[in-house]
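S.K.: Could you slot chain B onto chain A? The hints should help.
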Amino acid sequence: MARGCLIITQLVLLASLTATVELAAQESSADIQIENSSNKESLTGSVRLVETKQESEKVFQHDIVSRGVFAVILTLTNQSKDSSYSLQRSNITVRTEFDAQIASLEPQRAYDRLMWKIGSGPAFAEAGIVRAIAEGSRKKKLQKSVLAAAIGANVTLSPGDEIEGALFFVPPKDTKTLRFSTLVVGEIINQKSGERFPLRFPLATQQ
Amino acid sequence: MKKILALATIAFLSGTSSLGLAQTDASKPTQADAQDSAKYHSKYKARGNVHSTVLALPFSVIYTGVTQAFAKLELTINYEEQTLGYIEGGRSRGVSGEIIQVWIDPEAKDQYRVEVRNIRLSRMGLLGFAGTKDWSKELLAAINNELAGRPTVAQLQSAVEGNPADIDARRKLIEAQVAGGQLDAAVDTYRALLARFPASHLDRVNLADLLISRGQPDQAIEVLKQAQGADPEVTLQLARIYIIAERGAEAMDLLTPLAQKNTADLKARYQMARAAYLTGDVPTSKANFASVIEQAPQHPFAEQSKLWLRLLETGPIRKPLETKTALSLCEMLIKEKLDLLAQRYLESIVGSASEPERGQATRLLVTIYQSQRQYAAIARLLEPQVEQFKKDRQGELIYFLALSQCGLRNFKPALEYLKAAKKAGYKTPKELENVLKGYQ
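Chain order of the listed sequences is A and B. Residue numbers for the first sequence follow my numbering, so the first one is 50 and each next one is one higher. Residue numbers for the second sequence follow my numbering, so the first one is 4 and each next one is one higher.
This is chain B alone, in the form it adopts within the complex:
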């Protein structure tokens, strides 16, 4: 998902995307022009190398970037085959220091506008020095030309219907659907693709990944079970998803023959040890973790195996999980990218645990929700405790609450929580505060 998200945003100006983009007349004065704060009126503007444009994006990806404190927002400005600058991780980056600021229009309902407010083209310093040529109009024209003529999801859909044997057309449609947040539609398109191209390993694995990211491990299992051929890597993936789905016995059924067939297969052995722990089979788990350490002492699996063995000293896993055990277990599960399983365990303990374990569990759970964009879940979890967080100066948790409100498009409380987080000692990103102020 992350990959697709980044691709969509990067691609939208770099010409590799197939997303449909509308646009406004960039030559007209923009909201940004009217609202420019003092810092935007730099000497660079006087030199003529600051300009604005408004681009309308019919997908939510940019908006999501804001909710995540710009962590996912990427934007590239290309001109004459050169990358002039881009934003990455919300910070202004660029070839030798371009500054680009982005404005997200909160009023747009189905369309989220990105406004390139301010671009300082430092290449001007390189090519004849600043201000000698007004590149901004040319650049705007280039951007707008680039955006024109992109196929919409509907056009991509028609392309698929017109040529159902074209697997690439289907993949482009899926890419656009995922980027547009139309995940149900993307799953349907994947299923239709696999019905026609059942041997497409790439799409099968990608669909399983998409289903996992949506918290649907059982469906992912069904998809992978239909994979053709006997690929041990697919078997390992399937076993991993069985573990996520708390179907440890089925994971063991897959992993045991794999590990027995190839005793050097460290991954199969490690996964088997982990599955055995989660099914309560302590002897098998211990034996396999020990074997991993002996077989590959320098491997990260060995390091993790030592932690698992330490956990095993407390005895077999018992449900409901005891708080301390659950926290140790979840930290390992998160490190091993088994977030969905960790989420389930954390949800089971977060209400009953007492401080400080509750704070730790809450933090872990919020991190998982955040990565899955479950903003309503974050709000449900944190809002009832916000006064306590203020008293305890737990600014980070209040900050997460602010982000979740951004995700829910509740910008007024988002700004209030952001300020509260700052007051509680958390260093909040200035960019986000500036954007949210504009949203009020």
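Just chain A, with the same shape it has in the complex:
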């Protein structure tokens, strides 16, 4: 299969701590339902994997993939009427099909990765003006497209809120695609009840 097409996975999540999780990945979309008999609130989410040059340019106006960075765009909507939910970016990981865990890259580090190859070494440093122009232009572009797109370190969703943000990952050397992996939000907290629960988003179909 062609390496990494853009994949959209829709998920409907009814949130609860003591949830029973049913995973059912099918074709290009998958539904996750976290059932909870006592909690009528809901959190809706979707993920979109960006792991090709084309999609990267479309989403970030820049090819981050050729620099070894993949992205996942996470969208969460709080459909509850009276509960807020919160999560921390540091608790979000990708778990590969063989259970390797990949921590998300700090957005600043992702930005650095994209910047550092502009030039290196003393010889290049001599070309100060040229570099300054090239670097300055790219810096602005990346700050706007990459840093600004990143999901916040701490996210709170008030009732009715929707957030969308990018998470960046550097896959291990032997991993060519994350299509068969799962995005794991290790902990979401229901601010009203104090319940803590994980959410998982298959990044694509199992097929």
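Read the hints as simulated data drawn from the structure, not as lab findings. For glycine and all other residues, C-beta sits at the position ideal for the given N, C-alpha and C. Misleading hints may appear alongside valid ones.
Okay, the calculated beta carbon distance ranges per label pair [to be verified]: (1) B:Leu186 - A:Gln103: 43 to 53 Å; (2) B:Arg396 - A:Gln150: 35 to 45 Å; (3) A:Gly209 - B:Glu334: 49 to 59 Å; (4) B:Arg199 - A:Ser135: 13 to 23 Å.
Below, a list of computed lysine-lysine pairs in the DSBU-like style, where the Cα atoms sit at most 35 Å apart [what the hints assert, rightly or not]: (5) B:Lys430 - A:Lys102; (6) A:Lys225 - B:Lys430; (7) B:Lys327 - B:Lys393; (8) B:Lys426 - B:Lys393; (9) A:Lys222 - B:Lys425; (10) B:Lys264 - A:Lys225; (11) A:Lys222 - B:Lys430; (12) B:Lys228 - B:Lys264; (13) B:Lys309 - A:Lys102; (14) B:Lys228 - B:Lys289; (15) B:Lys228 - A:Lys222; (16) B:Lys340 - B:Lys393; (17) B:Lys175 - A:Lys222; (18) A:Lys225 - B:Lys289; (19) B:Lys422 - A:Lys222; (20) B:Lys338 - B:Lys175; (21) B:Lys422 - B:Lys340; (22) B:Lys322 - B:Lys264; (23) A:Lys102 - B:Lys338; (24) A:Lys225 - B:Lys327; (25) A:Lys222 - B:Lys415; (26) B:Lys175 - A:Lys241; (27) B:Lys309 - A:Lys225; (28) B:Lys228 - A:Lys225.
M.R.: Same frame as chain A, now just chain B:
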């Protein structure tokens, strides 16, 4: 573990860590200043944008980085909300080519010093060109200010005792303990956390991961078995650990109903096929691997299933494992992140195998030990054979031995082995040799 390691090192200058850090007076001349080799005296220094500082770190993480040929060492220098540069994987990286060199002080016993020896701030080229402003003092001040006021493990411990209902305080303490190599204490803190917050899935899974990384699958199983609710993902994790612990029958008990309940659950089916092989149930194993291939021919599970089926052609698994079978099996187990199980199998064959299988088994085993930082085990395995390695020009294995000696803080033999590895044809990292020379 890797994640925490990286976080600790990255965080220590970026302001997100809660680690306690002491520091020395950066304004005084440092050992690095006195020892600067010719290459450090570049024109950049003349322009005033080279400087040194010494930072004392009360945790072993940096030292571990050195032992692994810098593979884990990460260091970020931030200034005025900009990342000026960082080291990653031991190579100098940075925004448009900053060069940072790090010195690890071998004399420090409980404290490992990182010395930022040489920073070339190429941003100076961007902002008014090099040498027009001496940023180094300002940067040093910024670093030192950043480091001041970090809570120590003891302070974090007090914070937990002062507010036992604060789960985040406990997590910060665990993070600091893990980063400081206090793994027993970290396990205890996790257990105390789970006693108070038994529903914390995140901490339960993290504790299980920590126990696995310490080679304690049975304890990890006990932790996951106490998970509340019926989460199929936890069940799959538990089954995986049963396999690692060579408790295949219990894995089958978990996986069979899961796979039967949801026939589309590829992971459950794949794991069941694998568990069946390891328990000697060839028909179940074959049927499930075949089913995975049929169900999802493009999935990596299908590719691996074909390899398992090839292995199954040799018949059911028999212990003690025959060398060739064991090697094929272990390669698959390593790919599937079942290192602990592969380690056990490899240990059982490495002494009895003959060449070339023994070399292959040794290499695989050393890689596993290396990832688990079992340096003494590497030394025990390789040292008796070092003369043979030299004769056979197996430089890579001698290099692993050098790294293990770094891990054991035996820097003299480490350098000798590093040179021997080079002589045997292995391309050793120059950075490591330079650091080790300073350690003699």
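S.K.: Is the hinted pair Lys228 (chain B) and Lys264 (chain B) satisfied, with a Cα-Cα distance of at most 35 Å?
M.R.: Cα-Cα ~20 Å, so holds.
S.K.: Decide if the proposed pair is consistent with the structure: Lys228 (chain B) and Lys222 (chain A), CA atoms, cutoff 35 Å inclusive.
M.R.: holds, 33 Å
S.K.: With a cut-off of 35 Å on the C-alpha distance, tell me whether Lys327 (chain B) and Lys393 (chain B) pass.
M.R.: The given pair, whose Cα atoms are some 25 Å apart, holds under the 35 Å limit.
S.K.: Does the structure keep Lys175 (chain B) and Lys241 (chain A) at a Cα separation of 35 Å or less?
M.R.: holds, 23 Å
S.K.: Assess, step by step, whether the Cα of Lys309 (chain B) is no farther than 35 Å from the Cα of Lys102 (chain A), and give holds or violated.
M.R.: Cα-Cα ~31 Å, so holds.
S.K.: Per the hint of 49 to 59 Å, is the separation of the Cβ atoms of Gly209 (chain A) and Glu334 (chain B) within bounds?
M.R.: holds, 52 Å
S.K.: Next pair to validate is Lys225 (chain A) with Lys327 (chain B); report whether the Cα-Cα distance is within 35 Å.
M.R.: holds, 28 Å
S.K.: Starting from Lys338 (chain B), check that the Cα of Lys175 (chain B) is at most 35 Å away, please.
M.R.: holds, 32 Å
S.K.: Does the Cβ distance between Arg396 (chain B) and Gln150 (chain A) fall inside 35 to 45 Å?
M.R.: holds, 37 Å
S.K.: Take a quick look at whether Lys322 (chain B) and Lys264 (chain B) sit within 35 Å of each other, Cα to Cα.
M.R.: holds, 33 Å
S.K.: Is the hinted pair Lys225 (chain A) and Lys289 (chain B) satisfied, with a Cα-Cα distance of at most 35 Å?
M.R.: holds, 27 Å
S.K.: Is the hinted range of 43 to 53 Å satisfied by the C-beta distance from Leu186 (chain B) to Gln103 (chain A)?
M.R.: holds, 45 Å
The structure shown violates none of the earlier numbered hints.
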